[in-house]
Amino acid sequence: MLDHILSILIFFPALAGVFGFMIQKDGMRAYGVSVAAIEFALSLWLWYAFDGSVSGMQFMESLPLVPSFGINYTLGVDGISLFIIVLAAFFTLLGIGSLTDTANVKYMIITLLFLQMTMVGVFAALDAIVFYVFWELSLVPMVYIIGAWGGPLRIYASIKFFLYTFTGSLVMLVGMLFMAYFYYQATGVWSFGLLDWYRLVLPENLQLWLFAAFFIGFAIKVPMFPFHTWLPYAHGQAPTIGSVILAAILLKMGTYAFVRFSLPLFPDASAFFMIPIAILAIIMVIYTAMVAYAQKDIKQVIAYSSISHMGIIILGTFALNVEGVTGSIFLMLGHGVVAGALFLLVGVIYDRRHTKMMSEFGGLAHVMPKYATIFAIMMMASVGMPLTINFVGEFLSLLGFYQQSHILTLLAGIGIIVGAIYMLAAYKKVFFGEVTNEKNENLPDVNKKELFALVPLVIVAIWLGVYPKPVLDPINNSVKSIIQLMHNKSITELGQERIPDLVKVKEIVIQETTIEEVR
Amino acid sequence: MEIGLNHYLVLSTILFAIGLVGVMRRKNLLLLFFATEILLNSVNVAFAAISHYYGDLTGQMFAFFVIAIAASEVAVGLGLLIVWFKRHGSIDLDSLSSMKG
Amino acid sequence: MEKYLYIALFAPLVSSLFSALFTATPKKMFTGIVASLLIFSSLVSSFVLLMYILDGGEPVHVEMMTWMATGHLYIPFGFIVDQVSVTMMMVVTLVSTIVHIYSIGYMDHDKGFNRFFSWLSAFVFSMMVLVMSDNYAGLFIGWEGVGLCSWGLIGFWFHKEVATWAANEAFIMNRIADLGMLIGIFLVYWNTGTLQYDGAFAAFSTLDTATLTWIGIFLFIGAMGKSAQFPLHTWLADAMEGPTPVSALIHAATMVTAGVYLVVRSGELYDLIPNVGLFIASLGAFVALFAASMALVNRDMKRIIAYSTLSQLGYMFAAAGLGAYWVALFHLMAHAFFKALLFLGAGNVMHAMHDELDPFKMGGLKKVMRWTWIMMTIASLALAGIFPFAGFFSKDTILEAAFAEHHFVIYGVLLFTAGLTAFYSFRLVALIFHGEERYKIFGIHPHEAYRFMLIAMSPLLILAMIAGVFQVPFFEMVEEILNAHEYHIHSHTTLLIMLVGTQVFVALAILYAYKKYASWSSVPDGTSAIENSFVYKLLYNQYYIPYFYEEYIVKSYKEMSEVFWTKVDMKIVDATVDGIAGIIYGTGEKTRDMQSGNLSTMLKWMVAGLVGLLSLAVVFGLAARYSDEILSILSALGV
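Chains as they are written, first to last, in the working numbering: chain A, 1 to 519; chain B, 1001 to 1101; chain C, 2001 to 2639.
FYI, nobody ran anything at the bench for these hints, they're computed from the structure. None of these values were measured; they are calculated from a predicted model. Among these hints, one or two may not hold up.
Stated by the list, open to error - Pairs of lysine-lysine, DSS-like flavour, derived with a Cα cap of 30 Å:
1. C:K2537 - C:K2515
2. C:K2440 - C:K2555
3. C:K2558 - A:K429
4. A:K428 - C:K2515
5. C:K2027 - A:K449
6. C:K2367 - B:K1027
7. C:K2160 - C:K2590
8. C:K2567 - A:K429
9. C:K2515 - C:K2367
10. C:K2515 - A:K439
11. C:K2111 - C:K2160
Stated by the list, open to error - What follows is a set of in silico ranges between Cβ atoms, one per label pair, in the way DEER data are often shown:
12. A:L200 - C:G2193: 49 to 59 Å
13. B:A1071 - A:T167: 30 to 40 Å
14. C:G2193 - A:M60: 53 to 63 Å
15. C:K2028 - A:N442: 38 to 48 Å
16. A:M22 - C:L2614: 55 to 65 Å
17. B:A1071 - A:M60: 38 to 48 Å
18. A:L63 - C:T2576: 40 to 50 Å
19. C:D2358 - A:K448: 20 to 30 Å
20. C:T2576 - A:K448: 44 to 54 Å
Every residue, glycine too, gets a C-beta built ideally from N, C-alpha and C.
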């Protein structure tokens, strides 16, 4: 069973979703929770069975789909994707467990289970076409969630979300097809296998073009400035669960794809575009933090804060050294946990008051002390307090990028200041002061169902902040092999200069690079 | 003066042009069918002539296919035309606009 | 010894978590008692460690577990107890224990009693991490941790708008400095390959001066925020919105001295870059004077003490910047004792006066608050540096150091500030405890604090009186790791003149303050000539710096955010996206006329398309056929 665990992880929720149509409405929640729990248990088993000291792909599966064009159903995980898969299963469980939207709960759960399939698929796929299929499929349940359960502008928001990200993905698809064609020209056989592509050294100008094509697809998904405007709408209109999954997992697809595709396939282009992308990332960090400060709607604050944090992730990714990339991957997890929790927390007051406007609240710390405490913990995690999950990622990302550029890191570091400004201001508006609005006077504190979702997130946020080693080590090993691969492949001086050679400098012997291990 | 390939091709082109004008200008569905027949047959002439010129029978075979298809098309098309006429009492093209976008 | 290290470090954490369990429940007396006992156990452990170190024991160094390890980076949770950190541990745990016990009385009627102890103990834990860590990253944990607890404690009465505002201000200002600190840490890592103190210090000597200067500057920026040095000083005065025990512990004795600790700890770095050291010393001297001047006219008891803290921090930085690390550390310690005492005394007064803070509305309190009067007077004497109290030994050594290092401007500024210090301290004492009982106008019936609160304060009282005797043993202890030397003025006569001169100067300032304020009889209403003078207004409004920040930084940030959102994000970025989508929609809207449903029209379009494609094919065909000619023509045209 362990040999096919990835396939099981992908298709079990989908299959369960299909069976879900047959379940009675009353039993659906229990059914959904149990399916998600099994899925989560399986993902934990995957983690347990995963050998953290190996840098390459594990649990590989391969099945030919279109042999003449080298399209195979290839799956595998390494330290980079493993934890995002676990996180996806974790959030699906928490999301279904704490679901409060009463309308059509049955279909919501089925949709979430399908979404879970596509999420695992994206992170486990090692074939460009399989990756692309899951990548696009993930849009469908999300559009459905926003469009069917969303707020008043839901149709606009869901169409914008779909078309925007879809347009980007199409450019990415063209890039993939061209990449495969180039592979065919270079080797005489067709292949869409990512690990095959890793072995290919592309000429520099081709790298630049292909990088740009992939970049558009990924950047819109992240979303990077200036492609970010779909996100506030999507978050603003999506129901709580939609925002949670969107922020926690779906956005990570973009940054994950940068690490999985852009860096190892186009090392020279990555080095070439490092500074422009870093500048975009810095604009993202500071500009969206300021926009977040101007928001009136607490959910929009968190939506913009997501973009701001994604900027740090991008910065870490394009540090192109082990510290930075490891940090950015860890920050993906950290931001997933924290942003997911913050959206859940916003959902708590939205369920009670059906408004998210900060001016409607004030003094909630008096009436909902537990809620205020959890919110404060998550806010501090979001601000990047040491010993919380986000700090590890932010620290490493910035530390990594500092090697590349001092002044840009200093600018990006302003993010920790402006981040504190909007978060504290929002917290003050909602929780501090006297209770001015009489509707708030008797709000009930968080209930059991909400605690079911929030307490584990608080635990994870602190546990991984204090002791990130079990997660950091496997990531570190996989990242090392990627950086080494990039260094070996890079053909320009710039690439050689910006991507460190681990073997030479640090005398770390990498016995097998990813390529050799797979073939 | 010997009749060469060019003459056939010129004939074919002229027929095609007549057919094309017919297709564009005719408002009567029946006459539109006539015009398409002219188009198809102009192509047939060209097929046959080029086939003869190269000594390759494929072209003539193709002409036969075209004739067969034209025939079946007319058969189906006339059938539909009659049904339409029975229902609406007119086969004027301007009255056929249920596909308006 | 490791056992004691762990007790000293984790007892406060346990205390915090224990109290946190009861945050949602009404006041429970035992949380206060348990928390105080746990902090006390931490004090005892620190004391054991101090004795061990004093006996000449090796520094205790433990590495608990890995925190972060990736690439070449390796950061453990490592703790070290050496001569410097044990001093800090003693200061922190001693003052915290006293403040904990005192708070049981002070927070008696507060419904956030349990929450208060949770935050307060969490603060102690963070502070212990800060001082005990053996690397810069661990220091940063404590650094941010104390910032967080300071946020929670300043904003403890979160129903008050000013309190929460001050809490956020403190947090954000500290964050600005923390960025500098973070950059300093990055520089240390990329230049030395490690963040451990010992490894980094060993590597510093191999680096070039420019790099070291940058490291020194960025680390000091971090210290400036935490120790509220100009221009990041405004938060400290506003932080007085928190409960008074918090002001005593955090904003006088411990947290604000973290910056000094950082400079002392990184002494080996600053020894290599005397220019930065001189800058630190100059800034310290400037802040000493600057803060003291604001304290002269202020009418808020706690703010006056806060400015005096700021001023004393300036002294510490002046000493540390001149390389007299042990003097800075000694003054830090002595200051912690008498300043905490002063604050706790002020807390008693506040309790008695029902949270009235204006000393002009008090007066004559010595009759009802005898012990508080004695304590505050002695604390003020110590602060003013009168022999034989603690402040004399620590502050005079700073003056001597400045003199001996031939920085006479700094010496002069510090000397003058000493006079100011004495003046404003006794202005406060005189206004509160002497003269007419002006509070009667306001219908207040003051009373002395609980006896156990006074007893809890008594160790501080004793230390404020006798801490001077520790000077020599302290010097002998820390000279092992700090680059320490005693400052001797060559001529004994000079020294004697200096000492006596200073004492006389300070004593005159005290007498002047008494003379002016001890018989004050009215509450100023802003009409007197002095209150309308320019200098008074300038000082009273803190040189208009908070106004400037509010008006030009906070407001413009707010406006810019608004513009970014409503104008840039909505009107430019999003509108562009929607515009592109709109063009596509619009094109569809226009061209749908083509789809008229009329077969005849559609056939015409079909023919048009056919013609278009055919002509394209012809053009491309011709271009391909004659490509050479076209190229040659183009090149002839110079394209």
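Results for each hint:
1. Straight-line distance between C-alpha atoms of K2537 of chain C and K2515 of chain C comes to about 23 Å, which keeps the hinted pair within the 30 Å bound.
2. About 41 Å separates the Cα atoms of K2440 of chain C and K2555 of chain C, which puts this hinted pair outside 30 Å; it is violated.
3. For the hint pairing K2558 of chain C with K429 of chain A, the CA-to-CA distance comes to about 15 Å; that is within 30 Å, so the pair holds.
4. The straight-line distance between the Cα atoms of K428 of chain A and K2515 of chain C is roughly 46 Å, outside the 30 Å bound, and the hint therefore fails.
5. Our distance criterion of 30 Å between C-alpha atoms is met by K2027 of chain C and K449 of chain A, whose separation comes to about 28 Å.
6. A distance of roughly 117 Å separates the Cα atoms of K2367 of chain C and K1027 of chain B; the hinted pair therefore is violated under the 30 Å criterion.
7. Only pairs whose Cα atoms come within 30 Å are accepted, and K2160 of chain C paired with K2590 of chain C is rejected, the gap being roughly 60 Å.
8. For the hint pairing K2567 of chain C with K429 of chain A, the CA-to-CA distance comes to about 24 Å; that is within 30 Å, so the pair holds.
9. A hinted pair counts as satisfied when its Cα atoms are at most 30 Å apart, and K2515 of chain C with K2367 of chain C qualifies at roughly 19 Å.
10. Taking the CA atoms of K2515 of chain C and K439 of chain A, the gap is near 57 Å; set against the 30 Å cutoff, the hint is violated.
11. For a cut-off of 30 Å, the pair hint linking K2111 of chain C to K2160 of chain C stands: about 15 Å separates their Cα positions.
12. Range check, L200 of chain A to G2193 of chain C: about 35 Å between beta-carbon atoms, so the 49 to 59 Å window is missed.
13. Distance hint check for A1071 of chain B and T167 of chain A: the Cβ-Cβ separation is about 47 Å, which falls outside the suggested range of 30 to 40 Å.
14. A hinted range of 53 to 63 Å is violated for the C-beta pair G2193 of chain C and M60 of chain A, which are about 36 Å apart.
15. In this structure, K2028 of chain C and N442 of chain A break the distance hint of 38 to 48 Å, their C-beta atoms being roughly 25 Å apart.
16. Look at M22 of chain A against L2614 of chain C: about 58 Å separates their beta carbons, and that is inside 55 to 65 Å.
17. The hinted window of 38 to 48 Å between A1071 of chain B and M60 of chain A is violated, with their beta carbons roughly 59 Å apart.
18. Range check, L63 of chain A to T2576 of chain C: Cβ separation about 44 Å, and the 40 to 50 Å hint holds.
19. At roughly 50 Å, the beta carbons of D2358 of chain C and K448 of chain A sit outside the given window of 20 to 30 Å.
20. Between T2576 of chain C and K448 of chain A the C-beta distance comes to about 46 Å, which sits within the given range of 44 to 54 Å.
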